[in-house]
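Chains as they are written, first to last, in our numbering: chain A, 139 to 389; chain B, 4 to 282.
Since the hints were derived computationally from the structure, they do not count as laboratory data. Every residue gets a Cβ at the ideal spot worked out from N, C-alpha and C, and that includes glycine. Warning: the hint list may mix true and false statements.
Stated by the list, open to error - Estimated spans, in silico, between C-beta atoms of each pair:
#1 A:Thr249 - B:Thr59: 50 to 60 Å
#2 B:Glu158 - A:Arg244: 41 to 51 Å
#3 B:Ala23 - A:Thr249: 51 to 61 Å
#4 B:Gly46 - A:Pro316: 30 to 40 Å
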Amino acid sequence: MVPEGARLLDRQQALIDYLRNPAAFLDHEFDPGQDIFLRGLDRERLRLVGTVALAKRIGKIEAVLPKTVSYLRTENTTSFHEFASEHPPSSSRRYDNAQQFYRYLRDRWTTHPPVPPFLRDLAACEWMLAQVRHEGSSELFVSRCERHFPDENIWEIRRAKAVKRLECNYDVRSLLEPAPESVRVPERQVFLVFTPDSSPIGARVFEVAREVYELLESLDDWCSIHDLGLESETRSVIHSLIARGILEVGP
Amino acid sequence: VIRSLDNALGVGIGFRFEIADWIFANLSEFDAIEITIDHYLNGTSSQKATVRELATQIPLVAHGVGLSLGTDMLPDMHYMKEVATAIALLEMPWYSEHLAFTKVPGVDLAQLLPLARSRVVAERIITNIRSVKQHISVPFLIENITYYFDYPNSEFTEVEFMELICKQTGAFLLLDVENVYLNSRNHGYCAESFIRSLSPGSVKAVHLAGGTTLDDVLVDTHDHPVPDEALALLRCLLEQQRPDTIILERDERTDQVDEILRDVHRIRDQVSSFQKKVY
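With the hints as constraints, model all of the structure from the sequences given.
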């Protein structure tokens, strides 16, 4: 019997704690009947519910990090069960679950390097794209970047707020295509910039030179073009970055 | 074109962003579209714009998955305000949620879990629906879920439990006919008797879907065509009830649009003979 006076919420908490944790509902040694709040419930059916809920959660993560999850399934080097057991779902949203999973991978890979090794960069790129889609409002973004000022000497520029940067050891961009023509992943240092756009994917990735990458790092806040003292060649790069929405122009 | 959904037996589908273009191209096939309000609230600005555009072309109805009506605490007021704003903006005539719980503080399983059918739980649900109705001005509907396990020592049958809550709160039922079918098979009861025991006029909306079998259990996966048995139950329901809408839910294999359209036509075939019936 459930103890008299036990709150309904305590019983609901016990049930969700059990069902969210594959280490519990898949453990044949663990008898849910030992938990007074789970007594009388069909163990096999609970296992089914836990399995369905976990599959849905992995599906949400896969919607945000599709290529990463696909590789993890193929290589079978990371336990989704381990992730779910250690990280209860704090939200029903795809983005939040993907964020939890990405952080789990990042931590795990500090002690267990990923296989294949480019997976670290692939996951980071997919997470950058997700962040850009999540944080960047493409309509606002485009309108800000299209602002026109006649005299570039009075321009102030800064890195667009929705833009993300990432330095990678592998060029995984071909893997990010919806249907990649090749899966060649060269091992080379690349400097990538992620921006929102209005395509169905909702984000784009560009490779930039190291100097541009470092320039972008320094443009957190508004800065006058005049004060930057740029060469004319660099000014043309600035124009290109503005056209691609990577830099914003302000008054 | 249906101007009002009241008792219209309107046929439609649940909106999914993955097939938004296809839905827009086939709007003439539908009388109404159901929006999962949480998908709208969590959508990007362009996704929200898409739904707002849809609202100018066809009646929309609101369905929620994030309220966790059965959790033993009052609903999240911030969430309710967001839902209310969206319902007003999109001019949706009613708002439905599941008779279930999905979360407790700190953990959101995002899986519909059944509620014990007891007086204590009924009181909590009634309190929570009254709280919802303080924010939402349109009628509120509760939906029966598929449940894979049940609690011992229930004080009410499923129909008694739902009708008690509706009577105390003024809520209506969104009857998921597929869920009635799955539960009847998984738990061994007569689905037709279940449907015939519902009070006339209590069902304001209907869901249909197709599921799959896992470990000999029928599972509500929304990924296959509606089974013939569920369509037969829809006919049984329409003998007594005249809902506003009958919505096909499809969450997986959404690229199989021909299959989805065939299901819409199969539902319409069942509904057409009841369109002129006087209840």
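The hints, checked one at a time:
1. At about 54 Å, the beta-carbon gap between A:Thr249 and B:Thr59 stays in the expected band of 50 to 60 Å.
2. For B:Glu158 and A:Arg244, the hinted distance range of 41 to 51 Å is satisfied, since their beta carbons lie about 49 Å from each other.
3. Distance hint check: the CB atoms of B:Ala23 and A:Thr249 are about 43 Å apart, inconsistent with the given range 51 to 61 Å.
4. Separation of B:Gly46 from A:Pro316 is about 21 Å and departs from the stated range, judged on CB atoms against 30 to 40 Å.
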